[in-house]
Amino acid sequence: MELLGGCYEQVLFGFAVRPGEKWEAVPDFTHHAHSASLSALATNDRYVVTGSKDETMQIYDMKKKVEHGALMQHNGTVTCLEFYGNSHLLSGAEDGFMCVWNTKRWECLKSIKAHKGHVTSLSIHPSGKLALSVGTDKTLRTWNLVEGRSAFIKNLKQNAHLVKWSPNGELYLVVIANKVDIYKLATASISGTIVTEKRISSVKFLTDRILAIAGDDEFVRLFDCESQKCLCEFKAHENRVKEISSFEREAVCVLVTASSDGYIKMWSLDLDQMKNAPSLLCEVNTKARLTCLAVWLKRDPEAKQTSNEVHEVEPPLIKRKGISGQPSEEESQEIPVKRKVPDKNQKKKKKSQRLK
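First residue of the sequence shown: 2, per my numbering; consecutive thereafter.
For the record, the hints were derived by calculation from the structure and aren't laboratory data.
A hint or two may mislead.
[To be verified] Ranges between beta-carbon positions, derived for each pair: (1) Phe153 - Pro127: 27 to 33 Å; (2) Met275 - Val196: 34 to 40 Å; (3) Gly118 - Asp273: 39 to 45 Å; (4) Gln159 - Asn76: 23 to 29 Å; (5) Pro20 - Lys66: 26 to 32 Å; (6) Ser190 - Asp29: 42 to 48 Å.
Positions of the beta carbon are idealized from the N, C-alpha and C atoms, including for glycine.
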């Protein structure tokens, strides 16, 4: 297990987490990842991908602890990244494009003009058939990933900066400033709204019903998506919380928080006893201005085999030649792919460049 944090100082931090009676997070590596501040992080079973204001994405092989290459498709700050299993990656940027990447060959399958303004957030449905995106053109867009085209456009009154699917894919939420609108997929209508005092910086579904929200203050709050009631709140940091993440270990929900105060903390949550304050498992001080957060989990062989079996029976995320006829502005546009990956002559050299 690895805690990963990106910062304004252009550095990617890695901390090896040692669970036990007393959890520890020890420094594993620091890497000067980009020539500008980091803006996004995503992980799957093997890779970590970082996005930056320098318009590039860096790939790291976490099993070998080496740099794997760089992707330079976007012309603008990379604002959001999300993996779909071990097969695909979606990226969005300030150039208004959403790119679909094959993670085996790291080639750009599709480059979709998603928004007239910036792409601020995207989220992939658990089935891999749909994706949602929001941008600075005041729209929420639904994408048919099987066909690689726009499926639905909803006009918003304000610019949204976050969008997220629930784990079962029956709900999705859209965040505008300090407000969370919860939608039901079946009706595509708002089923409830959560309003906080401060601007919201990060949201995370802990279960299909429980939502964690962090914003421009020191607190993390847990809400019930059905009743929109606050179930629990606790002070996580001394400064605003920049991002939250979570994972489950041995039937315990572990919440991870990163703050502008430079700390990354891990908390143990009892979802059956929400009134009880979470207990702090461990914390690390990066002494940097954190911008993004991710957790890389090392899967055991049995879990990996099960995961592969699932992906074999699922439909493909996107068809290489899924678009017929003349593409509209909202559909996929083929543009030259710019990739920076090690050639054969540099392969041995790249392998030797391990993270320090």
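Against the structure, the hints:
Range check, Phe153 to Pro127: about 18 Å between beta-carbon atoms, so the 27 to 33 Å window is missed. Between Met275 and Val196 the C-beta distance comes to about 20 Å, which lies outside the given range of 34 to 40 Å. At about 43 Å, the beta-carbon gap between Gly118 and Asp273 stays in the expected band of 39 to 45 Å. For the pair Gln159 and Asn76, the beta carbons lie near 26 Å from each other, so the given range of 23 to 29 Å is met.
At roughly 20 Å, the beta-carbon separation of Pro20 and Lys66 lies outside the given 26 to 32 Å, and the hint is violated. Checked against the hint of 42 to 48 Å, the pair Ser190 and Asp29 passes, with Cβ atoms roughly 46 Å apart.
The structure shown violates the earlier hints numbered 1, 2 and 5.
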